[in-house]
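The listed protein sequences correspond, in order, to chains X and B.
According to this note's numbering, the first sequence is numbered sequentially starting from 1.
According to this note's numbering, the second sequence is numbered sequentially starting from 1001.
Hints are supplied without guarantee of correctness; some may be wrong.
What the hints assert, rightly or not - Stretches of chain X that chain B covers, calculated by requiring three or more beta carbons in the stretch to come under 8 angstroms of a beta carbon on chain B: (1) 96-106; (2) 109-123.
Stated by the list, open to error - Computed far set for chain X versus chain B, every beta-carbon distance over 10 angstroms: (3) S69; (4) T73; (5) P206; (6) L233; (7) E236; (8) R253.
Calculated directly from the structure, the hints in this document are not laboratory data.
Using N, Cα and C, we set each Cβ at its ideal position, and we do this for glycine too.
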Amino acid sequence: MKDTISQNQPVIEAKGLNLVFQTADGPVQALKDVNLTVAKGDFVSFIGPSGCGKTTFLRAIAALEHPTSGTLTVNGMSPDEARRKRAYGYVFQAAGLYPWRTIRGNIKLPLEIMGFSKADQEERVQRVLELVELKGFGKKFPWQLSGGMQQRASIARALAFDADILLMDEPFGALDEIVRDRLNEEVLKLWARTGKTIGFVTHSIPEAVYLSTKIVVMSPRPGRITDVIDSPLPKERPLDIRDSREFIEIAHRVREGLRAGHHED
Amino acid sequence: MSWVPAHSGWLAGALMLWLVLWAASVMLARREGRGVRLVVPVLFGLSLLVLWEGIVRAWAVAPVILPAPSVIAAKIAASGPVLWQDFAQTILKGAVPGFLIGAGAAFAVAILIDRSPFLQRGLLPVGNFVAALPIVGLAPILVMWFGFDWQSKAAVVVVMVFFPMLVNIVAGLQASERMQRDLMATWGASYLQTLLRLRLPAAMPFVFNGLKIASTLALIGAIVAEFFGSPIYGMGFRISTEVGRLGLDMVWAEIAVAALAGSVFYGLIALIERGVTFWHPSQRK
């Protein structure tokens, strides 16, 4: 199978990555000398204060931003090539559903663009709606659903075309704690079921520790990686794992990393 | 004319009927329902007509100053063929084709200049300049160019409609959110796919705003352009000649037709808008 060839190859690999934005106030170094390797099936969280470049890095992986220097490969290709091969599903902070399409129509949109057959579209929409527990809401319009349901629909949309890589940029940042816990659990289940590689931007320490196999701590001005933590937590994670000693230790280390980044200012 | 009504019976009767109709519409307006929404404005309008009739008759206002609604109605009933001919000439041949050509051309040009920042920066200011030209200056020139018949009227309407439409469509094409465009990019969507599935639907509220403004402009343009030369029929022609002959009842009849046509035109666009942009916060139920 094709998987055996790519098994050992990193899914995302950044070497000496720099990204400078030209703004009205002069150049801003959004990313400085970023080195990172993400293996297939990893759940990587990027955590840090605003301005640390975590979103910029995620956008660079998706070819929405272009690095100034250094190399960045996705599945061994340039991000632009990977995008043309439809390597990623991207979930933004807001659901970004198109209000003139139903939930079903929104999930179908990327499938239409990518030229899936009509029957295949129907079947996939049905499957992902069930996956995010929105079965029966397909005919509703986005503005008829709650914020949490909209965000689930946007995750379904990103899953519909079966990209290997799921990039999520603070997907639950605007939701309340209870909904957020539920969706975190669902994302973990989804990850276990599909074996996708997930990149997840957050500024919540518990969220990062709860979800990830790898936590990337970043700090601002210039945006850089200060710590990479490989989580010893098991893949099976009930919500109350957050009271375990291991969990608290990792959370502590993340907090220390964030604090260290701030001292260098 | 004195301030004491010559026929106070008319005034008293009209006032009574007006009060009754007014009270009925006030009472109905408190209720909910589709029928009520239709009946209330009709009743209210009717009550105003009654008041108008009463005042004109009570003070015996000269018909040249203000004819009574009943006189206007009689004139409309008596001159059906003439009004229809004028309507066909001015609205069906002048305003509607001009509106369609102007809006269609604006749409095509908006799509064409969408990818060219140079054209957007160069053409839009020129467009604003042309849009600021007064119609009374423009119309005689276009009548010279395109002749007395409806073609010159349609041309005036095209010029009046084109730039407001263009400005609205160009703004509408930029109305989609960055995140929505980023999503299209992550799916590897082409320019055309993004245009058809994101930017055009997102532009529709702007397009319909433009169409509604353009519909009133089209009516004004088609009528006023006839003041500067026309065959011996047409709404603008009729209004200007009947004013000269003191046939004010005919002028009012034409005005009534124009108001009705304008309302239907506007209402039709608003109806289509509701169907197309049902998703927009201003249209949601």
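Hint check results:
1. 96-106: With 4 residues in contact (Cβ-Cβ under 8 angstroms with chain B), the coverage given for the segment 96-106 of chain X holds.
2. 109-123: holds (count 5)
3. S69: Since the minimum Cβ distance to chain B is about 22 angstroms, S69 (chain X) lies beyond 10 angstroms and the statement holds.
4. T73: holds, 17 angstroms
5. P206: Holds: least Cβ distance 26 angstroms, greater than 10 angstroms.
6. L233: Correct as stated: the minimum Cβ-Cβ distance to chain B is 30 angstroms, above 10 angstroms.
7. E236: Given that every Cβ of chain B is farther than 10 angstroms from that of E236 (chain X), nearest at about 31 angstroms, it holds.
8. R253: holds, 33 angstroms
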